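Enquirer: The lines below spell out each chain.
Protein chains: 2
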Amino acid sequence: MKLRQVGEDALLASLLGKLPVPRKVVAGAGDDCAVVESPDRKNLLVLKTDCVVEKIHFAPATDPVLVGWKAMMRPLSDFAATSAVPQFALITLILPAARLTSWVKKLYRGLQRAASHFNVSIVGGETSATRGAAAISVSVTGFVEKNRWISRTGGKNGDDLFVTGRLGGSLREKHLRFMPRINESRWLTRNFRVHAMMDLSDGLGADLPRLAKASNLGFKINSEKLPLAGGATIGEAISDGEDYELLFAISPRDRARLERSWRRRFPKLTLTRIGELNRKLKIGNRKLPGGYLHFH
Amino acid sequence: MKLRQVGEDALLASLLGKLPVPRKVVAGAGDDCAVVESPDRKNLLVLKTDCVVEKIHFAPATDPVLVGWKAMMRPLSDFAATSAVPQFALITLILPAARLTSWVKKLYRGLQRAASHFNVSIVGGETSATRGAAAISVSVTGFVEKNRWISRTGGKNGDDLFVTGRLGGSLREKHLRFMPRINESRWLTRNFRVHAMMDLSDGLGADLPRLAKASNLGFKINSEKLPLAGGATIGEAISDGEDYELLFAISPRDRARLERSWRRRFPKLTLTRIGELNRKLKIGNRKLPGGYLHFH
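Chains as they are written, first to last, in this note's numbering: chain A, 1 to 296; chain W, 1 to 296.
Hints are not guaranteed to be accurate.
Stated by the list, open to error - Computed beta-carbon distance windows for the label pairs:
no., chain 1, residue 1, chain 2, residue 2, range
1, W, R113, A, K268, 22 to 32 Å
2, W, R255, A, V6, 56 to 66 Å
3, A, R113, W, F192, 37 to 47 Å
These are calculated hints, taken from the structure and not from any lab test.
Model, not experiment: these values are computed from the prediction.
Quick reminder that beta carbons are idealized off the backbone N, C-alpha and C, glycines included.
Please build the complete structure, drawing on both the sequences and the hints.
Expert: See the structure below:
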């Protein structure tokens, strides 16, 4: 069978699922970041790798500064999902030998600009030639306090579901210029007990069922209330992907205080209650079809 | 200018050299691994990423189990160079959609077999499609005790230069089946004061000048004494690359004890004194031509 038939994610999940998980690993494959025990008693070590590939994640004509920005910000968005602080990045460049050095310099400018934004140090890199498409892989290491680490698994029956920002239409421009919600995520875990969180990279319609399933719950969404990006339809907000916004579950008892203090702290970034986690609509183990048919 | 004219390594060095180096970074781009301060007072955090690309580092017909082995063992060889202990690995797979899932499963078997050999846990991964060649990027995190970390920079005038194993002809087979010298490296720093060390990946003729330059010294090699792999010539031992053996500098006062206890501890792996670091033959800042013309 070929990869395109089985799906890379499904194959990777089956491969990673078979690996032995030592006790030191707190969260492994399947969550946004890998989280492992460190010698430091207060903190956990957080690891994430991600890549962007030409003709898949960016077009050959895309400004390389924006390609670098996207390549760095994608794994940083997973740090936001985990409420972790990124610190160090390693870059792997896989490039055709005919690529212009000016292109590579601009790419690095974008990588560095994105890293600096969150005080991340680029501490190493490796370059390889390829006879194929350009690819940039970024690995990030950082930490999260043991009492502030958030995964997808802690959602509770009746939790409010919130999303930051606006959804849909990202491929028109936002996917090259988005800002990972690290500051927002760190603020959330400093001030609230967030039960479960993830970043929206594949679209709400694919990602929300993952969070619900990881928390062993179902969900109810009011699709009329979804915060739409300018020009986006409800369908696009659900299916487009690459929003890089936060989706999180929190007790409805915190709702009033959260909405009030969010507006004060982040007046320019909208926060929307889109629905709730719900035991009655439990999804269980049946296979989730993609798309927004789950949403009612 | 195009990458093939300037050389990827030179470009990367110029790009990474320009980045701000915060105080937390003990060794960054240019050494075998990145080494950074961790909250743990006794240990340093060690980070390395590396990749293998189809048609560059392996042939399309290569057994994917061996491709996985090589992809994992290459960054682990850099841990050996640093005398560090690898702990966690992240895998990025960039694969054509038409690749057979059986190929990917075998690749993972090789990755896992190599990781298990050194108690490394594969804690996460990311997969992307590509319209180009397959590539596998592996990022490894681990630690080294502050008093056992070795870089390329500590070589002293008059130091003996040793290499482990035999050099040359690796592309015939060894490059897919080599064993990183982590156990040997850890034994060395537990029992001796090694001044400078690296792993030989680009060939002695390219790598030794790097170690000498990093230590601000020249070197003298007796090319007749180079330990040759079966069937390899002196020229091949100097130029072939992908040996993944250790090259290290140590005081001649330790020579007798080192050679004696090495033979007892690693009876199957030869250790050879190939020459010395030397102030008189200082290379200084002049550009090093490649190859073995430096060797006399």
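Enquirer: Hint by hint, note whether the structure agrees.
Expert: Here is what the structure says about each hint:
The hint said 22 to 32 Å for the Cβ distance between W:R113 and A:K268, and at roughly 51 Å that hint is violated. Restraint check, W:R255 to A:V6: a C-beta distance of roughly 57 Å satisfies the suggested window 56 to 66 Å. In this structure the hint that A:R113 and W:F192 lie 37 to 47 Å apart at CB holds, the actual value being about 44 Å.
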